[in-house]
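Visitor: Chains as they are written, first to last, in our numbering: chain A, 1 to 229; chain B, 230 to 502.
Some clues are possibly wrong.
Computed, partial: chain B to chain A, Cβ under 7 Å [unchecked claim]:
1) 374
2) 379
3) 380
4) 438
5) 444
If you are wondering where the hints come from, they were derived from the structure by calculation, not from laboratory data. Note that the structure is predicted; figures quoted are calculated from it, not measured. Glycine residues also receive a C-beta, built at the ideal position from the N, C-alpha and C atoms.
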Amino acid sequence: MNPKWRVWLAGGLLAAVIGAALYFPALRGQVEKARNLTEKTAEQARRELLPPSPATSSEPRVKAQMFWGSTGTDATLVPVSVELPLSNDPTLRAKEILNTLLAGPVDPETRTLPPDAALLAFYILPDGTAVADFSEALATAIPSGIQSEQLAVDSITRTLQANVPQVQRLRILIHGQEVDTLAGHLDLTQPFQVNGMALQAGTSRSGVSVLTAPIKKAIDKVKGATKHQ
Amino acid sequence: MLSVALLGLALVPGIFIDGIRATPQTPSNPQSAQQTAPSSVPALAQTPGENPPRTTPLREAPSVGLNIVVLDPGHGGTDLGARGTEGIRESEVVLQFAAQVRRALEAQGFQVIQTRESNENPSFDDRSARANAQRGAVFITLHIASTGLAGTAHTYVMPESPAPHDPSGLILWDQAQAPFVTLSHKLGDLVQAELAKRFKGSPDMSQVAPIRQLRTTAAPAIAVEISSVSVEDRADLDRMIPGVAEAIAHGVAAFRPSYVVPVMPGTPLVPQP
Chain A
1 MNPKWRVWLA
11 GGLLAAVIGA
21 ALYFPALRGQ
31 VEKARNLTEK
41 TAEQARRELL
51 PPSPATSSEP
61 RVKAQMFWGS
71 TGTDATLVPV
81 SVELPLSNDP
91 TLRAKEILNT
101 LLAGPVDPET
111 RTLPPDAALL
121 AFYILPDGTA
131 VADFSEALAT
141 AIPSGIQSEQ
151 LAVDSITRTL
161 QANVPQVQRL
171 RILIHGQEVD
181 TLAGHLDLTQ
191 PFQVNGMALQ
201 AGTSRSGVSV
211 LTAPIKKAID
221 KVKGATKHQ
Chain B
230 MLSVALLGLA
240 LVPGIFIDGI
250 RATPQTPSNP
260 QSAQQTAPSS
270 VPALAQTPGE
280 NPPRTTPLRE
290 APSVGLNIVV
300 LDPGHGGTDL
310 GARGTEGIRE
320 SEVVLQFAAQ
330 VRRALEAQGF
340 QVIQTRESNE
350 NPSFDDRSAR
360 ANAQRGAVFI
370 TLHIASTGLA
380 GTAHTYVMPE
390 SPAPHDPSGL
400 ILWDQAQAPF
410 VTLSHKLGDL
420 VQAELAKRFK
430 GSPDMSQVAP
440 IRQLRTTAAP
450 AIAVEISSVS
460 VEDRADLDRM
470 IPGVAEAIAH
480 GVAAFRPSYV
490 VPVMPGTPLV
500 PQP
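Isolated chain A (complex conformation) (with noise of 0.2 Å):
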């Protein structure tokens, strides 16, 4: 081969392999992003389909106690403080705390309620009893066992009991259904107390929340578990 083709033959293949190099990360980003638009869940998607958050900017931002979890290994539920647009009508506002629940502290360790869980409605009664409906999720994703149970049922209760006090008392439903248990062991037939009284569930003798660990970790077992069956 004449030495002048091979010259060009040579450059063309390093043109190549650089093309190649500068493309392929592109190229990755683009698959990834596909996966993880084929990953997301119905509930994922119904979640987005859900109306927008019913406080606007306009609202004034004030500071609202969200109970997570802690990060030890038995750890407790903590209040975070978190600076939301909140409504002073007592529905929208215990809307808006509740969707920013669900969605999760900034670390998933501490999460208490699984990602995939939706809050369908949610109603005040004017004897102060409040109806939160959930999505299936709620019931289906939460590890099963009093201690996550509790854990997800408290964070709820206790989150409300700081940032609406026209809640007195919560009557939880999955997917507007009334059901005997969360995951087959907290009683959800009867309403749990918010406001005015001891909560009924997770408090220790003393009143202090003893409920245990982050449930990030048992969450994913629980998918990987249904996964295997």
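We have chain A already, so just place chain B on it with the hints.
Guide: Only chain B this time, still in chain A's reference frame:
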């Protein structure tokens, strides 16, 4: 959902023979409840209004102490309970725990009734009925958690709530646990203290949680939950079995003097302070 079924536990004359209730009244599955009666229980000897039975006069046996433990391995059947990534299933593991707890309790002189002994799933009400059909019984439901510090054990009791007072002396099925909550706390603390001695990191006292299974149980009732199905090696859970069994047996034995139930017709089932 809110059934208004009543437990005919307190004031029905003539249904108690030698201090043991012979005809349990349960709304969900009376047949199942009757099968739970100990084999020593005689057949119903009279109907209300008839002469007293030929057995020992009631006044000679004014009370009955704790002699029966109803042991409830949670879940079962299609309800697997908590599941670990290593293939551990709560519904199977609790049966192994229950077998050894049973032996330890029997060694302490208790009669043990299990709500299930194989892979079946009685309803919450049917499980409660096994205890509600007895006098002088306590109820212990066994569970394995998904979470929590591995190698620890927690005892749970129902929250305090005002006991509904029915003028007839009957107890509402849906609130059957309410009159027993104080006793349940005492039993829970005794068992938890024994567990804390054996399993480092476990709390010293029982904890409060509204547990569906306990709510309809008309007896001192506790839930014991072991952490957890998430252990890397199944042997870690198996090693806990003897300690859990011993702790429960010692705790229940320590509770025995606290629980004396009147048996005279017309006296409430709930022990008086």
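Visitor: Now tell me, hint by hint, if it's right for this structure.
Guide: Comparing the hints with the structure gives:
no., hint, verdict
1, 374, "holds (4 Å)"
2, 379, "violated (9 Å)"
3, 380, "violated (11 Å)"
4, 438, "holds (5 Å)"
5, 444, "holds (6 Å)"
Hint check: violations occur at hints 2 and 3; the rest are consistent with the structure.
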